[in-house]
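J.: These are the residues of each chain, in order.
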Amino acid sequence: MSEFLQQVVNGISLGSVYALIALGYTMIYGILRFINFAHGDVFMIGAFVGYYTAPVISRALGGSVVLTGIVVLIIAMTVCSLLGVTIEKAAYRPLRSRPKLTVLITAIGVSLFLEFGGQLIFGPDPKLFPSLIPSGAVVNSQNLIINVNSIVVIVTALLLMLLLRVIVYNTKIGTAMRAVSYDHRAASLMGINIDTVISFTFVLGSSLAAAAALLYGSVYPSINPLMGIFPGLKAFIAAVLGGIGNLVGAALGGLIIGLTETFVTGYLSPTYRDAISFAILILILLFKPTGLLGHHEAEKV
Amino acid sequence: MRYMRFCHALAVLSVALGILFGCGRRVSENEILIGEFSSLTGTTATFGQSTHRGLQMAVDDINNAGGVLGKKIHLLTEDTQSKPEEAATAVTKLISRDKVVAVIGEVSSSRSLAGAPICQANAIPMVSNASTNPEVTRKGDYIFRVCYIDPFQGEILAKFAYQSLNMKRVAILKDIRNDYSIGLAQFFVETYTSLGGEIAAEQAYSEGDIDFKAQLTALKAANPEAVIVPGYYTEGALIVKQARELGMTMPIIGGDGWDSAKLLEVGGSAMNNTYFSTHYSADDPNPVVQNFAKRYREVYQETPDALAALGYDAGKILFDAISRAGTTQGSGIRDALAATRDFDGVTGKITIDKDRNARKPVVIIAVTEGRFTYKETIQP
Amino acid sequence: MKRHQSKLYLLAGLAAAAIISAFESSMSPYYYQVAIYIGINIVLALSLNIINGFAGQFSLGHAGFMALGAYTSAVITTSLGIEGSDITGILVFALALVCGGCIASLFGLLVGVPSLRLKGDYLAITTLGFGEIIRVIIQNLDFLGAARGFTGIPKLSNFLWVFGAAGILAYTVANLINSTYGKGFIAVRDDEVAAASIGINTTRYKVIAFVTGAFFAGIAGGLYAHFITYINPSQFGFLKSFEIVVMVVVGGMGSFTGVILSAILLTILPEALRGIAQYRMVMYALLLVIIMLSRPQGLFARGLRVKRYLKQTPAAT
Chain E
1 MSEFLQQVVN GISLGSVYAL IALGYTMIYG ILRFINFAHG DVFMIGAFVG YYTAPVISRA
61 LGGSVVLTGI VVLIIAMTVC SLLGVTIEKA AYRPLRSRPK LTVLITAIGV SLFLEFGGQL
121 IFGPDPKLFP SLIPSGAVVN SQNLIINVNS IVVIVTALLL MLLLRVIVYN TKIGTAMRAV
181 SYDHRAASLM GINIDTVISF TFVLGSSLAA AAALLYGSVY PSINPLMGIF PGLKAFIAAV
241 LGGIGNLVGA ALGGLIIGLT ETFVTGYLSP TYRDAISFAI LILILLFKPT GLLGHHEAEK
301 V
Chain H
302 MRYMRFCHAL AVLSVALGIL FGCGRRVSEN EILIGEFSSL TGTTATFGQS THRGLQMAVD
362 DINNAGGVLG KKIHLLTEDT QSKPEEAATA VTKLISRDKV VAVIGEVSSS RSLAGAPICQ
422 ANAIPMVSNA STNPEVTRKG DYIFRVCYID PFQGEILAKF AYQSLNMKRV AILKDIRNDY
482 SIGLAQFFVE TYTSLGGEIA AEQAYSEGDI DFKAQLTALK AANPEAVIVP GYYTEGALIV
542 KQARELGMTM PIIGGDGWDS AKLLEVGGSA MNNTYFSTHY SADDPNPVVQ NFAKRYREVY
602 QETPDALAAL GYDAGKILFD AISRAGTTQG SGIRDALAAT RDFDGVTGKI TIDKDRNARK
662 PVVIIAVTEG RFTYKETIQP
Chain S
682 MKRHQSKLYL LAGLAAAAII SAFESSMSPY YYQVAIYIGI NIVLALSLNI INGFAGQFSL
742 GHAGFMALGA YTSAVITTSL GIEGSDITGI LVFALALVCG GCIASLFGLL VGVPSLRLKG
802 DYLAITTLGF GEIIRVIIQN LDFLGAARGF TGIPKLSNFL WVFGAAGILA YTVANLINST
862 YGKGFIAVRD DEVAAASIGI NTTRYKVIAF VTGAFFAGIA GGLYAHFITY INPSQFGFLK
922 SFEIVVMVVV GGMGSFTGVI LSAILLTILP EALRGIAQYR MVMYALLLVI IMLSRPQGLF
982 ARGLRVKRYL KQTPAAT
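Protein chains in written order, with the working numbering: chain E, 1 to 301; chain H, 302 to 681; chain S, 682 to 998.
Heads up, a few of these hints could be off.
Stated by the list, open to error - The calculated SDA-like cross-link candidates involving lysine to any residue, where the alpha carbons are at most 25 Å apart (straight line), are:
id, chain 1, residue 1, chain 2, residue 2
1, H, Lys676, H, Asn573
2, S, Lys836, S, Asn856
3, S, Lys921, E, Ser58
4, H, Lys460, H, Ala501
5, E, Lys100, S, Ala953
6, E, Lys127, H, Gln350
7, S, Lys921, E, Ile121
8, H, Lys394, S, Ala953
9, E, Lys100, S, Leu799
10, E, Lys89, S, Leu974
11, E, Lys100, S, Asp871
12, H, Lys469, H, Glu436
13, E, Lys100, S, Gly826
14, H, Lys460, H, Ala422
15, E, Lys100, S, Tyr803
16, H, Lys400, H, Thr628
17, H, Lys650, H, Glu670
18, E, Lys288, S, Arg885
I should point out that these hints are in silico values taken from the structure, not numbers from a laboratory.
Here the structure is a predicted model, which is why all the values come from computation and not from measurement.
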């Protein structure tokens with residue numbers, strides 16, 4: 001039983017990170033109707049920003065762990081937002097009127113560029129991510145250990161998701177985002193600046209990815225330039241699982257993927273870890289392609 | 302229009318072909334070309350980089366002493382990127398395009414296994430500096446190694462765990478992507494169970510994984526007195542770290558795949574109360590070792606690890622063999638290598654046995670207070 | 682691509698194979714290796730072109746089909762203990778390759794079926810998923826060597842086989858394009874709803890595209906396995922799929938000669954740039970992005986058909 005609880009905690013912790021990344025995917029898909037393959041790599045850049053800035057900030061702030069964490073978070077979010085917006089402007093905007101395929105391939109190209117460019121700049125070997133969260137255990141019994149790590153990850157993810165919800169539902173720009181996701185031509189007719197909205201969406205998505213990266217790095221402190229590939233794919237699957245374009249769905253999907261992955265690895269076989277997410281994807285696309293919370297979109301001719 | 306496009310394509314192809322065929326290497330008359338294939342980049346980059354540094358030092362040493370057979374040694378290095386398929390391509394290029402007379406490499410048994418058949422087929426001697434899986438030298442009579450093999454290492458680890466540490470019940474966490482890990486785990490289990498020890502549980506991971514909590518939680522539930530992790534340092538350090546986070550305070554034991562400074566860097570204080578077997582220790586008072594370590598520190602500003610020491614020894618033994626053979630012919634070098642007896646290496650006195658493996662002592666390192674400390678040497 | 686031209690390609694392929702085979706023994710093993718890889722990549726690129734280029738189904742799991750062909754054929758030749766190139770050896774190798782292709786096309790069917798209702802991005806991710814699932818399953822099967830890989834495959838591939846296969850594939854594709862199937866593929870690609878509304882069985886054509894593409898990818902896999910004699914699952918991951926996609930995209934999706942040229946170029950280039958190998962993938966990526974931004978019809982494509990398709994504005998929503 002305690003092993004089960006332990007796995008549950010592990011699963012929710014992992015799921016929270018996936019949820020944060022999934023939110024980025026789902027927002028961008030909701031607005032632009034395409035999968036930003038490079039999102040997982042923005043996540044990776046966030047981790048490296050954390051890696052390089054944490055020691056510097058920590059020294060500057062005299063070693064305060066919590067303050068360092070917050071400052072590094074802000075820096076990472078800023079850098080990733082800039083990166084996201086730049087990618088959008090340089091690679092996706094010119095292709096907005098082209099067929100989806102072209103943009104998809106471009107996204108793959110950007111993704112590969114970030115990955116292998118990262119290998120070139122940071123070096124391909126794994127690096128140790130600095131500790132941004134105080135270590136130690138909150139619950140420390142013989143059978144169940146809950147680390148401060150896991151708690152912080154879950155709490156931070158929740159806070160960020162709440163913040164996102166406030167932005168999307170209670171602010172002007174959020175309303176604009178939702179309008180664009182329903183019908184972008186009507187929205188632009190209403191006077192909404194599509195470009196601004198899209199850029200803002202990328203800012204939000206990339207910031208969340210940066211936060212996810214810092215949390216992920218704190219739990220799994222080995223980072224390398226290819227680290228964004230699988231979390232990115234799994235987060236995308238989570239977004240699809242929950243219903244792409246649906247925020248709550250993305251969060252839910254992330255949690256489900258995180259838990260399933262942990263349970264399969266722990267109880268069945270660790271070597272099927274990656275395949276599980278894909279199997280879930282295929283199943284959901286076969287039986288309920290709109291996702292758990294999504295709604296059907298008819299294709300107009 | 303079509304004509305233009307055709308010309309366009311032709312131009313591009315010509316340039317590419319030009320670069321490909323144009324860049325070759327002219328063999329200088331008073332040089333002996335030695336090839337090295339190492340993982341300079343990729344997941345096990347420290348293995349390749351250390352090996353390369355040790356080997357380069359050996360090359361510089363021998364050249365400063367006058368070279369071999371009156372000629373200077375020139376080392377050509379190819380990066381395997383920690384991938385076996387790249388190893389095969391690298392070796393092919395070294396042999397057929399660069400025309401090296403011998404090849405040194407690799408650390409990883411999987412990559413050595415990829416390169417060995419190519420060397421054997423071309424009658425080019427290959428000296429592996431650190432591959433411990435017995436299969437490597439079985440690929441042919443041109444394939445040698447200057448380290449011990451896993452049946453021996455597994456046996457020593459088993460005895461160490463059972464007798465020295467008094468652990469009667471252990472769990473194993475091995476890397477199923479890695480021939481070395483699987484082989485070592487198997488040899489460990491054979492000896493350990495024959496001594497009367499009990500294997501409480503066995504779990505597996507894949508090279509490249511970063512989350513082992515699921516496997517560790519399962520192992521913890523089986524109550525082992527120690528955990529054996531016969532994999533590489535990249536995962537080893539993370540495994541130990543996560544094990545400690547799960548409250549697993551028992552000793553954790555690894556093999557020579559753990560030997561890297563990164564182990565301490567990544568593992569940190571979690572690494573205390575761990576042990577691993579390797580080929581040499583920088584703390585060994587033997588003057589040969591101290592001399593080597595001192596010079597290495599001067600040139601590279603860091604303490605040499607076992608891979609650097611083995612890289613050095615592999616180079617030295619190869620040059621010695623070429624010198625004894627009196628020729629750079631593959632068959633001559635091969636015979637001279639096979640006849641190596643009591644070579645005074647940094648990693649011990651090296652004798653190449655009839656299976657083309659080296660009979661050498663195993664050194665056990667303990668990690669205490671965040672550093673590697675020499676524990677004991679076990680003779681074959 | 683006129684019909685008679687297709688025969689030309691077949692003859693060209695076989696002639697190239699025969700001529701160069703004559704020089705085989707005097708050729709440096711390194712250049713020989715590069716040439717073999719060129720041939721295999723041509724087969725891979727052309728086979729993906731059927732799915733991506735002609736039928737417009739964006740498949741990112743092509744390496745999975747290659748893996749299936751590689752492992753199947755390897756199992757057959759190693760379990761039958763084939764050594765050399767005597768007549769039995771040749772027959773068994775051919776059989777092994779075809780079996781590999783068949784298993785791959787079986788999975789092509791499996792992948793093709795769910796793809797029926799998926800478009801664009803979803804299809805891409807699903808095929809990626811299939812490719813990964815295939816890889817992970819192979820990685821867990823001990824009798825296939827699992828993650829450690831499958832060694833000891835007899836080195837049966839040579840110039841004749843590789844370029845013969847390339848020639849046959851070129852011939853098949855050329856004929857396919859000019860047939861009803863080809864027109865059906867292109868109709869499905871250009872506007873699926875319109876095609877369906879005029880009575881074209883889009884399902885059928887999509888599935889045929891997948892099955893054919895997968896078959897030849899399987900053959901390529903078999904040829905590859907029997908050349909490098911050692912295969913492991915990580916060689917057939919999505920990075921490999923991407924490499925093949927890059928070949929098709931750079932050459933021009935749906936362009937026959939373009940794809941062949943780009944396969945040749947993109948095989949030689951990494952080898953020629955071995956000195957700066959770590960820049961290779963970065964350059965690939967940049968190449969992809971730049972081509973998509975400036976010349977999405979590919980470097981070597983000709984034909985208004987492809988250009989128009991890729992530059993068109995999608996129908997208004």
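J.: With a cut-off of 25 Å on the C-alpha distance, tell me whether E/Lys89 and S/Leu974 pass.
T.: holds (12 Å)
J.: Compare the distance between the alpha carbons of S/Lys836 and S/Asn856 with 25 Å, and conclude whether the hinted pair is satisfied.
T.: Since the Cα atoms of S/Lys836 and S/Asn856 sit roughly 32 Å apart, the hinted pair is violated (cutoff 25 Å).
J.: S/Lys921 and E/Ser58: Cα distance at most 25 Å?
T.: Given pair S/Lys921, E/Ser58 is violated - Cα atoms ~41 Å apart, limit 25 Å.
J.: Is the hinted pair S/Lys921 and E/Ile121 satisfied, with a Cα-Cα distance of at most 25 Å?
T.: Between S/Lys921 and E/Ile121 the Cα gap is close to 23 Å, so the pair holds against 25 Å.
J.: Holds or violated: E/Lys100 and S/Asp871, Cα atoms, limit 25 Å.
T.: holds (13 Å)
J.: Sort out whether H/Asn573 lies within 25 Å of H/Lys676, counting only the CA atoms.
T.: holds (14 Å)
J.: Could you grab the alpha-carbon distance between H/Lys650 and H/Glu670 and see if it respects the 25 Å cut-off?
T.: This hinted pair is violated, its Cα atoms lying about 31 Å apart.
J.: Hey, E/Lys100 versus S/Tyr803, does the alpha-carbon distance stay inside 25 Å?
T.: Given that 25 Å is the threshold and the Cα spacing comes to 11 Å, the pair holds.
J.: Hint check: E/Lys127 vs H/Gln350, CA-CA at most 25 Å. Holds or violated?
T.: Holds. E/Lys127 to H/Gln350 sits at ~16 Å (cutoff 25 Å).
J.: Would you mind confirming whether the straight-line C-alpha gap from H/Lys400 to H/Thr628 stays at or under 25 Å?
T.: holds (15 Å)
J.: Is the Cα-Cα distance between E/Lys100 and S/Leu799 25 Å or less?
T.: holds (13 Å)
J.: For the pair supplied as a hint, H/Lys460 and H/Ala422, is the alpha-carbon distance within the 25 Å limit?
T.: Roughly 39 Å between the alpha carbons, so the hint for H/Lys460 and H/Ala422 is violated.
Hints 2, 3, 5, 12, 13, 14 and 17, counting from the list given before, are not met by this structure.
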